[in-house]
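Take these sequences, add in the hints, and give me the full structure.
Listed in order, the protein sequences are those of chains F and P. Using full-length UniProt numbering, read the first sequence as starting at 1 and increasing by one per residue. Using full-length UniProt numbering, read the second sequence as starting at 1 and increasing by one per residue.
Hints in this document: simulated from the structure, not taken from any laboratory. Accuracy of the hints is not assured; some may be wrong.
What the hints assert, rightly or not - Reference excerpt, derived from the structure (chain F facing chain P, CB under 7 Å, subset only): (1) Gly60; (2) Pro63; (3) Glu145; (4) Thr250; (5) Gly253; (6) Met254; (7) Thr260; (8) Pro262; (9) Thr263; (10) Met266; (11) Ile267; (12) Ser272; (13) Phe273; (14) Arg274; (15) Trp277.
Please read all numbers here as calculations on a predicted model, not as lab measurements. Cβ coordinates follow ideal geometry from the N, Cα and C atoms, glycine included.
2 protein chains.
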Amino acid sequence: MATSTAASYKALVFDQTGEPLDVLQLKDMPPAPAELKEGEVELKFLQSSINPSDVNTVQGKYPISPKLPGAVPGHEGVAEVVRTGPKVDRLSPGDWVVPMAPSQGTWRSGGVFAAAGWHPVPKDIGLVAASTLIINPPSALAMLEIFHPLQPGDTVAQNGATSAVGEAVIQIAKARGIRTINVIRDRPDMEATVARLKGLGADLVTTEENLKDDLAASGLPAPMLGLNCVGGSAASAVSRILKDGGTLVTYGGMSMQQVTAPTAAMIFKDISFRGFWLSGRWAAAQGPAGRAASLDAIVQLYREGKLVPPQVQAFPLTSWKAAFEALAQPHRGKKVVLDCTA
Amino acid sequence: MATSTAASYKALVFDQTGEPLDVLQLKDMPPAPAELKEGEVELKFLQSSINPSDVNTVQGKYPISPKLPGAVPGHEGVAEVVRTGPKVDRLSPGDWVVPMAPSQGTWRSGGVFAAAGWHPVPKDIGLVAASTLIINPPSALAMLEIFHPLQPGDTVAQNGATSAVGEAVIQIAKARGIRTINVIRDRPDMEATVARLKGLGADLVTTEENLKDDLAASGLPAPMLGLNCVGGSAASAVSRILKDGGTLVTYGGMSMQQVTAPTAAMIFKDISFRGFWLSGRWAAAQGPAGRAASLDAIVQLYREGKLVPPQVQAFPLTSWKAAFEALAQPHRGKKVVLDCTA
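Below, the structure is given as structure tokens:
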């Protein structure tokens, strides 16, 4: 236990849903109490990420919502423990922690929280890995595990392979000997993108149009598991190469086009079309211990050099508007994060 | 053992795929041998049904196909045992039998088969129940069992509720205390159709357009299981009323329109879109003993008066062309069967 080191903290707050630039305000929060209660920790935030689900939360388009008014958004980030209240054995001042569950409000410089909601991570994985740890890599890990038991040599196919989850899928699959069939949009820097994904461990990188031919030429076996974050024809392309009994798992819909589930594929090829949401049934099924184990598995991959942190562009919390202006630029290629110490 | 009672049998035969009226021919088959081999039975067919999958088989559009040339179509029917070869203990002359597996060729007056491929049924269920036993009722039974564990009081929703499977679903669900939400097309004889389905045990009968309001007004709980044999908007209507974690199971595509699997429903409501095919993974998973048990369960429902046989229109095998001409009439409402004794 120690006394608070900060007179007060700042937080991005919204009182009603809307576009982030319209409804967010950076506000001074009430000072942390002199004495923490049982099970509480005071956290100083280091870096917090901005994910699509955060923007949707502020817009009121996400199923999990913080209580209005005075809501602080931010599902993901890394904080340092400043002091601990009575009966907090698991955490010590100076520890880095990440959220165990979404919607705790990470877009702030600090605050007081229930210790049970936070999980320690070692500092040697670095600030970027830690501040982007709890959503994309565990989503990739879970999708590779829960739908089909994949063995080394098996394949997984995905569209949107340059997305943060997509790149995590490539790396985690590679670490397990699972081979990846990656579909990306045709783009001006196609060669460089293919080279980058292959550098991460991708076995095949192709476009929707060339998928079938390139897969045949590659000699890779057809996958049981397909991952879709695009929808429309990009989803159909992946579903069409699945082995009988396979599953197309949708975790995003970047094209805003729905997925078609062809009747004959469902009936005669036994293809299933399912969804994945890290905060949905999966979270309920794995429970806190399972959640902690999956975060530790991601940390381990970082420590072994088998996961590379995403590229980020950081903005001081006090310059938060510039962060959301940057987000609005198309084809950024870098994840936007908030430096909560500035 | 006994000698053959028929000098020879006739069968509908096709040598190449195409429209049934173009490619089928009624032919005399070689006479049954004087001595049957071990495990063989000679069967005299009584009545065989014509299902959409039979027509698709003749057209070459079905995944299971008999060997050409000289193929005899017909997946379903009932036959009487004429005589048994050595080591056939399970069947006796005079027994009625139905196929254990599809594609044995039931559109014939008789022939010699492996006894293991046939399952005895009691005669008191009647010719119509027996000749339509192995496809639609077991499909309804399996779909009610394998996707979600339904309890008495739970609901199941389905479109195409006047189809043969749909009517079996209503009756089997009723026998188990499971309540049915049935979607049918608007039609001139709407009131009579609603009354008929309610007579079979339907709890709610409505149209795609009124489904949501009528379900709310009924006080019935939302279903975990939806059954779809239509596709398009009729599939979407059923998928939209499913409870979180529910499954839309497609077993047909009568509208020829594909199923849309909405991204948000898959991700945030954990709705799955799957297919069912009686001869697919399900058949492999249940094996012959499971298959026999499910046929016996259907027989039991008939004996208890909990299943009513479908309405049929019978044509003599020798007048088979009239049967296919009748099939081409829209909105028949009766299943077409072949009287194989005439």
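Taking the hints in turn, this is what the structure says about them:
1. Gly60: Violated. Min distance 14 Å.
2. Pro63: With a closest approach of 5 Å, the Pro63 (chain F) hint holds.
3. Glu145: violated (17 Å)
4. Thr250: Thr250 (chain F) check passes; min Cβ-Cβ to chain P is 5 Å, inside 7 Å.
5. Gly253: holds (4 Å)
6. Met254: With a closest approach of 10 Å, the Met254 (chain F) hint is violated.
7. Thr260: holds (5 Å)
8. Pro262: Since the shortest Cβ distance to chain P is 6 Å, the answer is holds.
9. Thr263: holds (4 Å)
10. Met266: holds (3 Å)
11. Ile267: holds (4 Å)
12. Ser272: Cβ of Ser272 (chain F) sits 5 Å from chain P, so the hint holds.
13. Phe273: Nearest chain P Cβ about 4 Å off; hint holds.
14. Arg274: holds (5 Å)
15. Trp277: It holds, given that the least Cβ distance between Trp277 (chain F) and chain P is near 5 Å, below 7 Å.
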